[in-house]
Amino acid sequence: MLEKLEVEQFIGLGNEAVAKGLLDEGANYFSGYPGTPSTEIIEYVQKVSPPNVIAHWATNEAVALEDAAAAAISGMYAVFTSKHVGLNVAADAFVTLATMGINGGLVLCIVDDPSMHSSQNEQDTRWYGRLAHVPVVEPSDPSNAYHWARKTMELSLQTKLPVILRLTTRISHGLGIVEPTRPIARETIPYKKDPERFVTIPSRARKNKIRLEKALNQSKQLTDNVDSVREIGSNSKELGIIATGVAASYCEDLVLRYDFDLLIPHITNPIPKDMILSFIRNHSRILIVEELDGIMELEIKKLLFDEEIEITVYGKDIIPANYELDPRKIENSVRTLLGLEELENDFVELPVDSLLPRPPTFCAGCPHRSTFFNLKKALKRADVIYSNDIGCYSLGALPPFEEADSILCMGASIGMAVGYAKANPDKLVVSTIGDSTFWHSGISALVNAIWHDINLLVVVMDNSTTAMTGTQNNPSTHGKLNIQKTIQGMGIPAFEIEPFDEKEFISLVRSVIKLPGVKVIVAKYPCVIYENQLMKQENRQPKGVIAVSHEKCTLCGLCVEGLNCTALSLVDNKIQVDEVLCNGCEFCSIVCPRDAFYLKERA
Amino acid sequence: MAMAINKHLQVHLAGVGGQGVVSIGRLLVELGQYYGFKIKGNETHGMSQRGGSVVFQVRIGNFSGVMIPEGEADVLLATEPMEALRSINMLKKEGIIISDTHQIVPPIANIIHKPYPDMEIIVETLKRKTINVYLIPATRIANELGHSKGANLVLLGQFIRVTDFFEIKTVEKLIEKKWPKFKEKNLEAFRTGHEFMT
Chain V
21 MLEKLEVEQF IGLGNEAVAK GLLDEGANYF SGYPGTPSTE IIEYVQKVSP PNVIAHWATN
81 EAVALEDAAA AAISGMYAVF TSKHVGLNVA ADAFVTLATM GINGGLVLCI VDDPSMHSSQ
141 NEQDTRWYGR LAHVPVVEPS DPSNAYHWAR KTMELSLQTK LPVILRLTTR ISHGLGIVEP
201 TRPIARETIP YKKDPERFVT IPSRARKNKI RLEKALNQSK QLTDNVDSVR EIGSNSKELG
261 IIATGVAASY CEDLVLRYDF DLLIPHITNP IPKDMILSFI RNHSRILIVE ELDGIMELEI
321 KKLLFDEEIE ITVYGKDIIP ANYELDPRKI ENSVRTLLGL EELENDFVEL PVDSLLPRPP
381 TFCAGCPHRS TFFNLKKALK RADVIYSNDI GCYSLGALPP FEEADSILCM GASIGMAVGY
441 AKANPDKLVV STIGDSTFWH SGISALVNAI WHDINLLVVV MDNSTTAMTG TQNNPSTHGK
501 LNIQKTIQGM GIPAFEIEPF DEKEFISLVR SVIKLPGVKV IVAKYPCVIY ENQLMKQENR
561 QPKGVIAVSH EKCTLCGLCV EGLNCTALSL VDNKIQVDEV LCNGCEFCSI VCPRDAFYLK
621 ERA
Chain S
8 MAMAINKHLQ VHLAGVGGQG VVSIGRLLVE LGQYYGFKIK GNETHGMSQR GGSVVFQVRI
68 GNFSGVMIPE GEADVLLATE PMEALRSINM LKKEGIIISD THQIVPPIAN IIHKPYPDME
128 IIVETLKRKT INVYLIPATR IANELGHSKG ANLVLLGQFI RVTDFFEIKT VEKLIEKKWP
188 KFKEKNLEAF RTGHEFMT
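Those protein sequence lines, which keep their order, are chains V and S. The numbering used here applies: residue 21 is where the first sequence begins, and numbers increase by one. The numbering used here applies: residue 8 is where the second sequence begins, and numbers increase by one.
The following block holds chain V by itself, in its conformation from the complex (with noise of 0.2 Å):
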C-alpha cells in the first residue's frame, strides 16, 4: 500500500480524480479527443499544467491514439482518453496496438454513457477488453478512480499492454472526496527501434499474437490476487453479490443494511477466476450486479460450467441491462431474494398536463439558431434530405428547426450524403456539420463525396471551437486552419458568411444549390459561450441586451416560435426577455416583420 499523505484532499469529479491519479502514477504524455463524458481529464492535465507533461486534443480519437501509442512506444507514460464510441474510431489502432504491445505504458480511458444522457448509443465498452485482449480496470466510485487509475498505469507497465480504465457517466461526472498517495516520477525509457515488434507485416504480426497472448496470461497472474478484488462482509451469508463499475458502489450502501456479502472485482478483464471462485464456494445463491451487458455474468457461468459447480446465479434476468441502474430498483432486487417486500415509496402521481418538457435548446445567442433558421427559409421549398450531425447543432433536429433526416456518427453527415444522393436523386442532400466534426471525419467524406460527384450542398457550422463539449480547442481555433480555403483547394466552391446575416445567407443559399456537384458554405461565427470567455480573459465590455418595444409588436409570435430562444418567452401575453440569458446577438431583431426589437444597454 501507497503511504497516505495527509495534505491535498480535494473535492472532485470522477474525472479529476482519474487524472491526477494519472499523474501521480507518473504519467506524462495525454492525447485525446473531446466527448462527453470524459472530456475533463485532459481538461483536468491542462489546467494544473504540470512541467514536462503533455496534454492536447487530436483530430480524432483515431488520430489521438495513433499520437499515444507513438509516444508510450518512445518509453513515455502514455494516456488516451475519449467517450465509448470514440473507442470505435480509434478501434484499428486499438486492436493491433495490442498485439504489439508498448515499451513506456498507456491507458485507454474510455467512459461509457449508459442511458444516454449526452451520446447517441450505450454500447458496453468491456466488450473491446475481450475482443483485443487487453486487461481492464473498472472502479466503482469517483474517490477510488484515483487508486484504479493508478493500479491501471501500473498494470500496463507491467504487462507491456494498452489497458482500458473503464468509466461511466455517473463515475466521471459524480463528486467524491479524492485522497491522493505519493506521486511516483518517472524515468521515460530512451526510444528503441524494435522492427521486429512494431512493423505489423504478416509473418511478425503472427509472432505478436503469440507475444499477446502470453502478455494475457501474465496479467492473469498478476491480477488474481487479493489487490484486484475488494470484499465487504463477513462471507458466512448465504447470499453472496458479485458487483462491478458503478453499481458495486450501490451494493456497498446495501450491505450494511442487508443480509448479503459483497465481492468487487475491480479488475475484471480477465477476471479474477481463483477469488470469483472462492467467494462463490462460500455462497448457495449468487447475485452478479453490473450495468448494461451481461459480460461478468457469461464469464462466470462459464467459469462455474468449467469448474463443474452446481449453483443458483442470478444477473440479468432480474437486473436490467438497458440504461443506467438505479439503486433503489437494485435495493428492491436484494430484497426480493432475500424474501422481503419491496420498498413503497409513496409515489405522486403527476396531474396529467402538469408538467412541460424542457429539452435544452441552442443558447441565446448562438451563430447555429440562425444558420438552421435561414437555412430552413431558404430551402422551404425544395425537396431537401437534412443529413445531420454528432455536436450542438445536433440540436437543429428538435423543433421549431426539425432539420435532421438523420444522426449517426461523427462526419457521417458528409458520409451518408453520396448514399443519399445516390438513392434519391430527385432530392437535394444537405449536410450540416460543424467544424470540429469537419476535421475529424467530414473532411475524408467530403473527398468521397467529391470524388464520386454528386449534387451535394454542405454547410460548415464554423464557431472556432468544439462548442458541445465546453468549447475545447480544435484546428479552426485562433485560425491555425482554414475551411474554406482547405476545402476550395480542392478544387469545389465554398463560400464564407455569417449567420447573423439572414438575407444575404438566404440568397447566398438559393444560388448556390443551382451549382452542379459539391458546394459547401461556410457559416463562420464564434460559438457564443467561446466568445462570453474571452470577453472575460480579455476584459472586453459584453455586447448589450434587447429589449422590446410593445407598442410595435403585435405578438405575431414568429420570434419565439420560429426561433425558440432561452432569452425570449412569451408571458402574460406580452413578449419577454430575460436579460441575463440574452447575449445581444440581435437575430431576434433582424427576423421581426415589426421591428420591435432595439439593443440597449446592459444593465
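By construction, these hints were calculated from the structure, which means they are not laboratory data. Check each hint, because a few of them may be wrong.
[Stated by the list, open to error] Here are the simulated SDA-like pairs of lysine to any residue, each with C-alpha atoms no more than 25 Å apart in a straight line: (1) S/K185 <-> V/F30; (2) V/K572 <-> S/I118; (3) S/K156 <-> V/V591; (4) V/K67 <-> V/A113; (5) S/K192 <-> V/Q553.
[What the hints assert, rightly or not] If you want the footprint, here are the derived chain S segments under chain V, 3+ residues with CB under 8 Å: (6) 24-38; (7) 87-96; (8) 112-123; (9) 127-138.
Quick reminder that beta carbons are idealized off the backbone N, C-alpha and C, glycines included.
Here the structure of chain V is known, so what remains is to put chain S in place on it, guided by the hints.
Using the frame of chain V, we list chain S on its own:
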C-alpha cells in the same frame, strides 16, 4: 446544534440551466467536506446556457454511491417550481421542499402551444408528497436587492434555516471565500433568504 444528531443529509437540487444550481450544489459539497463528512454527489453537465433541466445531487454522510435512490432525498431544493414538480418523487415521504415561485416558461411551450402548468396544481401536487413545503419568491427578492443572479443564494439561505444542519457563520464564510467579487451582494441575498418566513 442539529448537526450532532444528524449524521447524513441528502439533497436533490433541481432547476433550469443558468440558474446557479451547480454553484450552490458545489457549495453544499464543500460545506460537507469542511465539516469532515464523507461526500458524494453528481451533476448535470453542459446545460448552463442551453435552458435544459438541471439536476445536482449531494449526499453528505457515509455513502459510496453518487446517486440518491428514488424516494430517499431529505430535501428537494428547486430554483423553479415546475422543476420541483419534475423531481418530486426523488423526495422521501415528509421530506422538505424548498422552491422558488418564479416560473420559467420553457421556450418549447410557444412551439408546442401548451401553457405553463397552473401554479395551484403544482403546489397542490407538491403538498401531496409532504406538508413541509417552503415556497419563496427568491427571484423577486434577488431582483429587489439589485442582484438578479442571486436567487440561488436566497434559496440557500432558506435551506440553511429550515434544515438546521450547518452553522450560518460557516456558510457565510464559504460564500465570501468562493465569490469574493460579489461578497456583499451575495451575503445580502443569502441573509434575506435565511430570514424569510414562508
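Violations among the numbered hints, reported as their numbers in ascending order: 4
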